[in-house]
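There are 2 protein chains.
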Amino acid sequence: MKTYLDCIPCFFRQTIVACKMIGLADNTTKEILDRVALKIPDIEMTASPPAMAAIIHRIIKEYTDNPDPFLEIKQKSNTFVLEIYPHAKKIVEKSKNRLLKAVEIGIAGNIIDYGAPINLDIHSEISKILNSEEEKIKNEDPACFAFDDFTSALRNATTILYLADNAGEIIFDKILLEEIKLEYPHINLSLAVRGEPIINDCTISDALFAGIDKIATIVSNGSDAPGTLLESCSGEFLEIWNKSDLIISKGQGNFESLYRGPGNIFFMFIVKCQVLARDMGRHLQDVILCRNNPE
Amino acid sequence: MKTYLDCIPCFFRQTIVACKMIGLADNTTKEILDRVALKIPDIEMTASPPAMAAIIHRIIKEYTDNPDPFLEIKQKSNTFVLEIYPHAKKIVEKSKNRLLKAVEIGIAGNIIDYGAPINLDIHSEISKILNSEEEKIKNEDPACFAFDDFTSALRNATTILYLADNAGEIIFDKILLEEIKLEYPHINLSLAVRGEPIINDCTISDALFAGIDKIATIVSNGSDAPGTLLESCSGEFLEIWNKSDLIISKGQGNFESLYRGPGNIFFMFIVKCQVLARDMGRHLQDVILCRNNPE
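Line by line, the protein sequences are chains A and B. According to our numbering, the stretch in the first sequence is residues 6 to 300, in order. According to our numbering, the stretch in the second sequence is residues 6 to 300, in order.
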C-alpha cells in the first residue's frame with residue numbers, strides 16, 4: 006500500500022504515542038518530532054507506510070540511545086499471552102473446526118499492536134475473544150475471510166513461510182502453526198521475524214520465548230521496518246521467501262508492505278487504520294484473511 | 006494556550022484539509038506538507054497554536070501564489086448567513102431575553118470554522134439552531150456560560166472591542182452587536198478583523214459585507230494569524246485594544262491566543278478541538294462564554 010497524505014499526520018501521532026509509551030518527557034518528544042519532521046520531504050508517496058515507521062523508530066532508538074525501547078512491553082505481552090496459551094489451546098482442541106478456530110485466534114492475537122492508530126484495551130479484548138468460545142471472530146464476508154481458499158492453499162503447500170508480527174501475538178501464531186503442522190505434517194514451516202527491534206514487533210528472542218523453534222525454522226528478515234520491505238530484507242530471508250510456495254503474512258505492517266506485490270500470500274490481520282480501511286473498502290476492526298492480489 | 010505535542014499531527018491534518026478545500030492535487034499538497042514539516046523545529050511550545058497556523062497558511066498562499074485561497078468559501082458563507090439573517094433576527098426579537106438569545110446565536114455562528122479538527126455539516130447545524138426557537142444552545146454550567154457576569158460587564162462598559170472570527174459568522178456577530186447597541190446605546194463599539202486573509206477568517210471586506218460599519222468602527226488587527234497574537238498586531242489595533250474597557254473575543258483561535266494573557270475579555274466559542282477541551286476541562290462542542298483568567 007502506498008503512503009497516503011493522511012499517513013503524514015499519523016506518523017507524528019505514532020511518534021508521540023511511542024515516546025509516551027517509553028516514558029519520554031514532552032521536551033524530548035518534541036526534539037524527536039523535530040527530527041521526524043525533517044525526514045518528511047524524503048518520503049516517497051509510492052513507498053509503503055512501514056518504510057517511514059522504520060525511519061521514525063530509528064530516530065527514537067538513536068535519540069534515546071536505546072536499541073530496544075519496547076523490550077519491557079514486549080516481554081509483558083509475551084508473558085500475558087503465555088499464561089492464556091493453555092486456555093486458548095483448549096478452545097482450539099474442543100472446536101469442531103480446529104484449523105478455523107486457530108486462524109481466528111491467530112488473527113485475534115493481532116489486536117496486540119502498539120503502533121496502530123486505534124486504542125484498544127488489549128487484555129480485555131483478548132479475554133473477550135477467549136472467554137466466548139462460541140464467538141465467531143471471523144468476518145462473514147468471504148471476500149475478506151477466504152478460509153476455504155486458504156485451506157486449499159495449505160493442502161497444496163509443501164513449504165510455508167510465516168511472517169510474524171508482534172510480540173505476544175507470536176504465542177497465538179504458535180497455536181496456528183501447531184494446527185497447520187498437525188493437519189499437514191509434511192509441510193516444511195519457517196517463521197520470519199524482524200531483523201532488529203522495532204516497536205513491539207517480534208524478533209528472534211520473542212519467537213524463541215514462544216517455542217516456535219520446536220515447530221518451525223526461525224529466520225530473521227534482516228530489516229528494521231515494522232513490515233516486510235523486500236528491498237531491505239537479507240539474502241538469507243529472500244532465499245527462504247523464494248523457496249516457499251505459500252506465505253502467511255500476519256499484521257497490518259506486513260500487509261501494507263506486501264499487498265499487490267509479488268508472492269503467493271495470505272494476509273491475516275485486524276484493520277486498525279482508517280486509511281487502510283479506505284484503501285481496501287473495509288472498516289476499522291474488520292478481521293481479514295485474504296489472498297494477495299499482485300498487480 | 007500553549008502548543009501541545011498533539012497539536013503537531015493536527016498542524017499537518019489542518020494543512021491537508023485546507024489544501025483539499027481549495028482543490029489542490031495530492032502532489033502539490035505533499036510539497037506544501039514538506040515545507041510545513043521543515044518549520045516544525047522552529048515551533049516554540051510556549052507559543053499558541055494560531056502562530057503555527059499562520060505559518061502554514063503563509064506557505065499555502067505563497068505556494069499557490071494566491072493571497073486569499075478561501076475567498077470563494079468565505080463569500081459562500083456570507084451569502085448563506087445573510088439569507089437567514091432576517092429569520093435569526095426575528096428569533097431574537099421574539100425572545101424573552103433578547104440579549105441571551107443574541108449571545109446564543111452569536112456563539113452558534115462559531116460553528117462556521119474551516120480550520121477546526123471536527124467535521125460538522127455547517128448548514129444543517131445552523132438550520133437546526135435557528136429552526137428550534139425554544140432550543141437553548143447555552144451551556145447550563147455557569148462556569149463556562151457566565152451570562153450574568155457578562156451582562157454586568159456590559160453594564161459597566163463604555164468602550165467595547167469585539168474580535169471577530171469567521172466569515173459568515175460575522176453576520177451573527179452583527180445581530181449580537183445590534184442587541185448590545187440597543188440595550189446599551191452609550192457604548193462605543195469597535196470590531197477587529199484579521200489584517201490579511203487567513204483560512205475563512207473575517208477581513209475588512211467581510212465586515213463591510215455584513216454592514217458592521219453601521220454599528221461599529223471596523224479595525225484591522227494587522228496580523229495574518231487565525232487568532233489575536235498581540236505581538237504581531239498593528240499599533241492602530243493595540244491602541245484600540247488598550248482604550249477598550251471590555252473585549253469580546255469570538256472563536257477558538259482568539260481564545261487560544263489570548264486566554265490567560267492580559268485583558269478584560271469574555272470569550273465566546275464552541276469547543277472544536279480535543280486538546281483545547283482537555284486544557285479547559287471541557288468537552289468537544291461545548292458552548293463557552295467565559296471570562297479571561299489572566300495569569
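Treat the hints with care, as some may be off.
Here are the simulated lysine-lysine pairs, DSS-like style, with alpha carbons at most 27 Å apart [as the list claims (entries may be wrong)]:
{"id": "1", "chain 1": "B", "residue 1": "Lys25", "chain 2": "B", "residue 2": "Lys35"}
{"id": "2", "chain 1": "A", "residue 1": "Lys44", "chain 2": "B", "residue 2": "Lys186"}
{"id": "3", "chain 1": "B", "residue 1": "Lys81", "chain 2": "B", "residue 2": "Lys44"}
{"id": "4", "chain 1": "A", "residue 1": "Lys44", "chain 2": "A", "residue 2": "Lys81"}
{"id": "5", "chain 1": "A", "residue 1": "Lys44", "chain 2": "B", "residue 2": "Lys66"}
{"id": "6", "chain 1": "B", "residue 1": "Lys7", "chain 2": "A", "residue 2": "Lys44"}
{"id": "7", "chain 1": "B", "residue 1": "Lys7", "chain 2": "A", "residue 2": "Lys25"}
{"id": "8", "chain 1": "A", "residue 1": "Lys7", "chain 2": "A", "residue 2": "Lys101"}
{"id": "9", "chain 1": "B", "residue 1": "Lys133", "chain 2": "A", "residue 2": "Lys7"}
{"id": "10", "chain 1": "B", "residue 1": "Lys25", "chain 2": "A", "residue 2": "Lys25"}
{"id": "11", "chain 1": "A", "residue 1": "Lys35", "chain 2": "B", "residue 2": "Lys35"}
{"id": "12", "chain 1": "B", "residue 1": "Lys25", "chain 2": "A", "residue 2": "Lys7"}
{"id": "13", "chain 1": "A", "residue 1": "Lys44", "chain 2": "B", "residue 2": "Lys81"}
{"id": "14", "chain 1": "A", "residue 1": "Lys99", "chain 2": "A", "residue 2": "Lys35"}
{"id": "15", "chain 1": "A", "residue 1": "Lys35", "chain 2": "A", "residue 2": "Lys95"}
{"id": "16", "chain 1": "B", "residue 1": "Lys66", "chain 2": "B", "residue 2": "Lys95"}
{"id": "17", "chain 1": "B", "residue 1": "Lys25", "chain 2": "B", "residue 2": "Lys66"}
{"id": "18", "chain 1": "B", "residue 1": "Lys44", "chain 2": "A", "residue 2": "Lys66"}
{"id": "19", "chain 1": "B", "residue 1": "Lys7", "chain 2": "B", "residue 2": "Lys101"}
{"id": "20", "chain 1": "B", "residue 1": "Lys81", "chain 2": "A", "residue 2": "Lys35"}
{"id": "21", "chain 1": "A", "residue 1": "Lys35", "chain 2": "B", "residue 2": "Lys101"}
{"id": "22", "chain 1": "A", "residue 1": "Lys44", "chain 2": "B", "residue 2": "Lys25"}
{"id": "23", "chain 1": "B", "residue 1": "Lys186", "chain 2": "A", "residue 2": "Lys7"}
FYI, nobody ran anything at the bench for these hints, they're computed from the structure.
*Of the hints stated earlier, which fail here?*
Hints 2, 3, 4, 8, 9, 10, 13, 14, 15, 16, 19, 20, 21 and 23 not satisfied by this model.
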